[in-house]
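Given only the sequences and the hints, what does the whole structure look like? Please build it.
Protein chains in written order, with my numbering: chain D, -12 to 232; chain P, 501 to 706.
Be aware that a few hints might be false.
As the list claims (entries may be wrong) - Facing chain D, from chain P, some residues (calculated, C-beta under 7 Å):
#	residue
1	M507
2	L653
3	A655
What the hints assert, rightly or not - Partial list, computed: chain D residues near chain P (C-beta under 10 Å):
#	residue
4	V14
5	T125
6	V176
Think of the hints as simulated: they come from the structure by calculation, not from any bench. Model, not experiment: these values are computed from the prediction. Glycine is no exception: its CB is placed at the ideal position from the N, C-alpha and C atoms.
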Amino acid sequence: MTPNGAIVFTLVVVLAAMMSRMSGLIVLYLLCTLFAVIEVGPNATAALRRAVILMVPLAAFMVLVWVGVVGRAPADIAASQPGSRVSALVYVSIVCARLFLIVAIVQIAAMRFAAITPLQFIQLLRAPIALKRLGVLTLSLIETLLQAVDRAHTALIASGVITRRLSARNVFNGWVLVQTVWLTAITSVTGRMRDKWPMEHTLKLLDPLLAEKRKDPLRTPDKIWISCAAVAVVGIVWGDFYGLP
Amino acid sequence: MLTTPRMIAIALCAALNFAVGSIVYLIKLPLYLDSIGTILCALLIYPDRRAAFVCSFLAAMISTVITTLFINPFLIWFSATELALALVAAYFIADAEEIFRARPLPMLRFGLRVVLYGILTGVVSAVVSAPVVAYVFGGVTGSGSAFLVAFFLKAGQHLMAAVLHSGFTAEPIDKTLQVLFAALLFRATPKDFIDMVRARPQPAPT
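Okay, structure coming up:
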């Protein structure tokens, strides 16, 4: 499967999830399970674990707000009915099932490319060269920024401006940390742009690396999976038309 | 339009959005603070407004995609809000770049502009993001502002009205802080770097 195919497939599934009711969600869960088993294999469990870790706090938060605080579903509020915590729980369950599917398919599709580096992923992607170059630069600068955070954090703790633990001083002087990180990063990239990259021809070397190597944007497995997702969308719309729950 | 210094500015601003937004999301503050880089990018690239808009939107989208993959999987739904923010940043907030860099700091004019643009940005993003919050997330997105939605729902308001009121309450405060932080970072940015970013691409020699 190609990165473009995975992106298109994920987008179609996400759009379908947004349109679907319970029956549609069941179809999409089956499709995603098939995709996970065939395309990702055992690594899919890691993707699912990550989806659960991301989704559980939000689900708990939703239960707290809707069931604990509000105590009735939006439909009850709209109809000016007293409602119940059970109807609120049913509402939260459907929203969470839909959101979990969305999170899971994004994680599973990302896990499909776990074996390659982010640079290789960008290299395989069919996209405008400027966008690919921007992606590579951003990944590189995130590293620079994280190193700047480490250095600035240590320096400001050593000078007594902020502390290692939660404190009022951190609240008042936290801004100094943000400013220091920004200035460190700016100084670093200005140096690279002026001296290092022109000397090493970094950007000229990057372009051939990112150039397209294949002519077709999608391969056969991509087309099969996208077609399956499209069929699921048609089924969901048809089910909706005939009033399936 | 996308010169190397501008690409660097976009990447830096995207990284800034990602870093600050993630911290705020993880500690559940009733704020977002995830668009400081978007506003800062428009300020850095102004006066070429079209480039400022395109670059700040690119910075917003890159940070949104990265945050969606690693921290908050739902942020991608707010892409339309990012687009609106980039528009406001490039066509309104960037107008104040001279005041934001003036030395000595004109406290009154600086403060007034920050509050004015903060409220404007807050109202725009509240209106644009309300349908997504209401219909995709059922009013609860995982940020601290969900408690405000719960408060308005408890008071008997319909979901869409509760989300809009929550947005009008929290967003102007959040966006005023974002404009303030972006203005202060812009003020601290070395002139050399700003000149590099603003330089127009040279035509190829004939």
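Evaluated hints:
| no. | hint | result |
| --- | --- | --- |
| 1 | M507 | 5 Å, holds |
| 2 | L653 | 5 Å, holds |
| 3 | A655 | 10 Å, violated |
| 4 | V14 | 20 Å, violated |
| 5 | T125 | 4 Å, holds |
| 6 | V176 | 5 Å, holds |
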